[in-house]
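Engineer: Keeping the supplied structure of chain G fixed, place chains Y, Z and U upon it in accordance with the hints.
Below are the chains, spelled out letter by letter.
There are 4 protein chains.
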Amino acid sequence: MTDEQDFNIIFGPCAIENLRQLEHFFKTFPDLELFRGGLYKMRTSKADFQGLRGDGVDLLMNAKKRYGFKFVSEVVDFESLAVLEGVIDVIQVGARNMYNYELLRAVGKLEKPVLLKRAFSATLKEFINAAEYISLPPEKITLCERGIRSFEPSYRNVVDINAVIFLKQRTQYKVFVDPSHGSGAREMVSPLSRAALAAGADGLLIEVHPDPQSALSDGPQALALSDMHQLINDLEKLCPVFGRKLKWSQKSKE
Amino acid sequence: MTDEQDFNIIFGPCAIENLRQLEHFFKTFPDLELFRGGLYKMRTSKADFQGLRGDGVDLLMNAKKRYGFKFVSEVVDFESLAVLEGVIDVIQVGARNMYNYELLRAVGKLEKPVLLKRAFSATLKEFINAAEYISLPPEKITLCERGIRSFEPSYRNVVDINAVIFLKQRTQYKVFVDPSHGSGAREMVSPLSRAALAAGADGLLIEVHPDPQSALSDGPQALALSDMHQLINDLEKLCPVFGRKLKWSQKSKE
Amino acid sequence: MTDEQDFNIIFGPCAIENLRQLEHFFKTFPDLELFRGGLYKMRTSKADFQGLRGDGVDLLMNAKKRYGFKFVSEVVDFESLAVLEGVIDVIQVGARNMYNYELLRAVGKLEKPVLLKRAFSATLKEFINAAEYISLPPEKITLCERGIRSFEPSYRNVVDINAVIFLKQRTQYKVFVDPSHGSGAREMVSPLSRAALAAGADGLLIEVHPDPQSALSDGPQALALSDMHQLINDLEKLCPVFGRKLKWSQKSKE
Amino acid sequence: MTDEQDFNIIFGPCAIENLRQLEHFFKTFPDLELFRGGLYKMRTSKADFQGLRGDGVDLLMNAKKRYGFKFVSEVVDFESLAVLEGVIDVIQVGARNMYNYELLRAVGKLEKPVLLKRAFSATLKEFINAAEYISLPPEKITLCERGIRSFEPSYRNVVDINAVIFLKQRTQYKVFVDPSHGSGAREMVSPLSRAALAAGADGLLIEVHPDPQSALSDGPQALALSDMHQLINDLEKLCPVFGRKLKWSQKSKE
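Protein chains in written order, with our numbering: chain G, 40 to 293; chain Y, 40 to 293; chain Z, 40 to 293; chain U, 40 to 293.
The following block holds chain G by itself, in its conformation from the complex:
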């Protein structure tokens, strides 16, 4: 139907680690439309693994040729923006850079679609203002709610489901939810995904890993590939009920 809206799932590993990890991943999801993976990681501690960085670009170029996906990746600064410019199709700006207006301006100049994550405790006014710094038409910008900080120690963040609703009602932007960072707990990802769909979100950003136990970063929140399969099947059934069409593989395009 023509008036049906898409519901997108963008997924992939928090950090791209090596060729083997990529091949394992695409064996399971060969037709993925949008592949998300980190080459540059912004880590709280400068001692942590910071990603393959520039060394991963060739790896990705080859993978794109072979599997035909579009690549979504985070730029963490000007250097990474310059390095990734030729290989990324959707530019992700992370929570820590939401207030980095200079970077937002530079990102906007490339005129590619932008996925902007909400800063840890940003007000919605600040979030919307940050999107305006990108200076692109609203259909090119996706706002991503990724959890706010709270006093509750049982999970890393609280998905601000009210924010999803508010942003859908008051802005023209697409609104995604990141249930992986929004909870920090694998077992909460599926119910949070369903809630996001039901609340009116336009899509999800999800971390998966072929082998979550051995992930170099954020393992506890990554879905195993089989769980991701299950979630896709689940959402496939749910989407039509909410007037949505699930879109995640190149085949679901037409």
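Since the hints were derived computationally from the structure, they do not count as laboratory data. Please read these numbers as outputs of a predicted model, since none were measured by experiment. Please note: incorrect hints may appear among the correct ones.
Claimed, not checked - Restraint ranges, calculated between C-beta atoms of paired labels, are given here:
id	chain 1	residue 1	chain 2	residue 2	range
1	U	284	Z	275	20 to 26 Å
2	Y	100	Z	100	27 to 33 Å
3	G	118	Y	164	42 to 48 Å
4	Z	282	U	263	49 to 55 Å
5	G	88	U	124	40 to 46 Å
6	Z	93	Y	128	34 to 40 Å
7	Z	93	G	210	57 to 63 Å
8	G	210	U	63	40 to 46 Å
9	U	151	G	124	28 to 34 Å
10	Z	70	Y	177	39 to 45 Å
11	U	268	Z	275	43 to 49 Å
12	Y	151	Z	58	39 to 45 Å
To be verified - Covered by chain G, according to a simulated footprint, are these stretches of chain U (three or more residues, beta-carbon under 8 Å):
id	segment
13	44-56
14	72-85
15	107-117
16	153-162
For every residue, glycine included, the Cβ atom is placed at its ideal position computed from N, Cα and C.
Structural biologist: Frame of chain G; chains Y, Z and U shown alone:
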């Protein structure tokens, strides 16, 4: 089907104001199974309208006889517990009383079903511990997430959807969501309700008012009766998708 | 000097445990003017030590006769209010009961001075409104800031020093700070105490314990008696600089 | 005395507006040692006044020659770092850039003292890690607590006084407090300043304005020059009590 679980909606006005309001309400929802309405209001300011209190008991008794509903109402202290004991079927304990362990103990002794709301910034450990003070079997206790306080000024509270998921995964209690207090904004109630269902909640607690503009308390978050109708229709369709059966009227019982 | 204002320190153990603990305490502080100690404890878990309760009343009566102090203790409900009525001189209402308006009304009727603690995430408007439920002249009511919940895991709470200033500037109530609960960490108690004095607070509520390692509750935040001595000496010197006179022993009265 | 520690006050207008404003300011404080003023402003909305930017450099160069102060100013990105490099003596990095690790690395390379503000809801671990990205010896880095976000609407932020104490006890960095942003309210600046000194902070960052009513940004929190004078006199007396020597003018140097 036997393995289908109920999804309950409990609704009614924040405060019961007079006979006319009640009759207007039951003209629209004559078969309501569970009617929720406040006789005792716990108001931040002692100058605010505190409910009909004891004066409303006869009103309610007569209405129960006529319409056959079960009555859910908040006890705010020992006096109200004593006064309402004969007329309430489900005892609601509000957010401000979640730490009132003496009241929780007394409420438990009546052995009626209890609906316990989470305090403004209670941790889940505190919430669960409060439920234990009631000393009733888990199937008699419903925990109600009603929004946590945040720094965001656009809405009164943030529904902690993570909490709903966590409580369903880790406890035996039924878990409800109150989207009215959880947002303080009428236009967010429907999407929050859908999100609650999708996240795995067992039911909703919703404020309605025949004429929200003139409500003596919490008008801006109350649904008009026609909106409530719409929401019920909406949920009627959604429930089966989540393996639930909507239960709100006496007819939906069998 | 007549225009000098008092700065009060109220201290004692979180929970009164036995005669030995009391005697040990009063050997070090025989002239204490206001002694604070818990007989009824409001514990998150119903399995935790809940205080000596009524069994401690005689103990306290005897101690009062012998040492001449005034007793400050928390009432947690109506029962404890009835039991403690004859032995307490200042009625403490804890954070968990700040919204317990019925209890506040009953407390007010005794016309004794009241120490009201701020609920975990109460707004100042709610705090002030709760004080009004007590219905006593402002000079009989002391508001106690005891820390708000935050996302920071390094300490249990954050002393809202802005609140202390705001309440002093906008209300007629005395304002105290509880640095013990306000941090949950012994080593932060002294600097927090100095900051409270400097910000304009009228006094402190501090937990001490003859042997913090073996305390039945809240050990990690209790000061050893020697540390308390040190803090008193410290504040004795600081008070005059802020136009205050330290008041903690019966000798500092005249 | 040699074992006395300095307590520094850095102050000036939020935004440097024009020559007249500067001259007015230095007429009142001709011997200021450290002058803080914004040339680049990071504004939530891209429509707001963003500072004189590069156009203000000559103005500042001339003022420095005439009055001999050292200049503290915020760099908001690489461009401003390049433009201000020749004129700033202490590099301020604002709350919005605390996670901008690339900028922190570049700032560190200049080997000038750095004043790093805490992000809106940064944990202390993140704050300390950000300081490590600067890669300078601890004596060259000052951490500035500027208030955390809370649910309380009466003030813009809450000064996390616990953080000041924790950072002094656990790190080697100097720790400042910004009572202007920490409250957003002029009348709270003096008591917050006293509390910061008493808690163990090493200094203050304060906004003043010759005519707060007409300030182009953040007027409601700026002190009038006469109030600043008063605060200095106040702190002059208090510092020795805390083993500190107030340092703010070139004369207080020797």
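Engineer: Which numbered hints turn out to be false for this structure?
Structural biologist: 2, 4, 5, 10, 11 and 13
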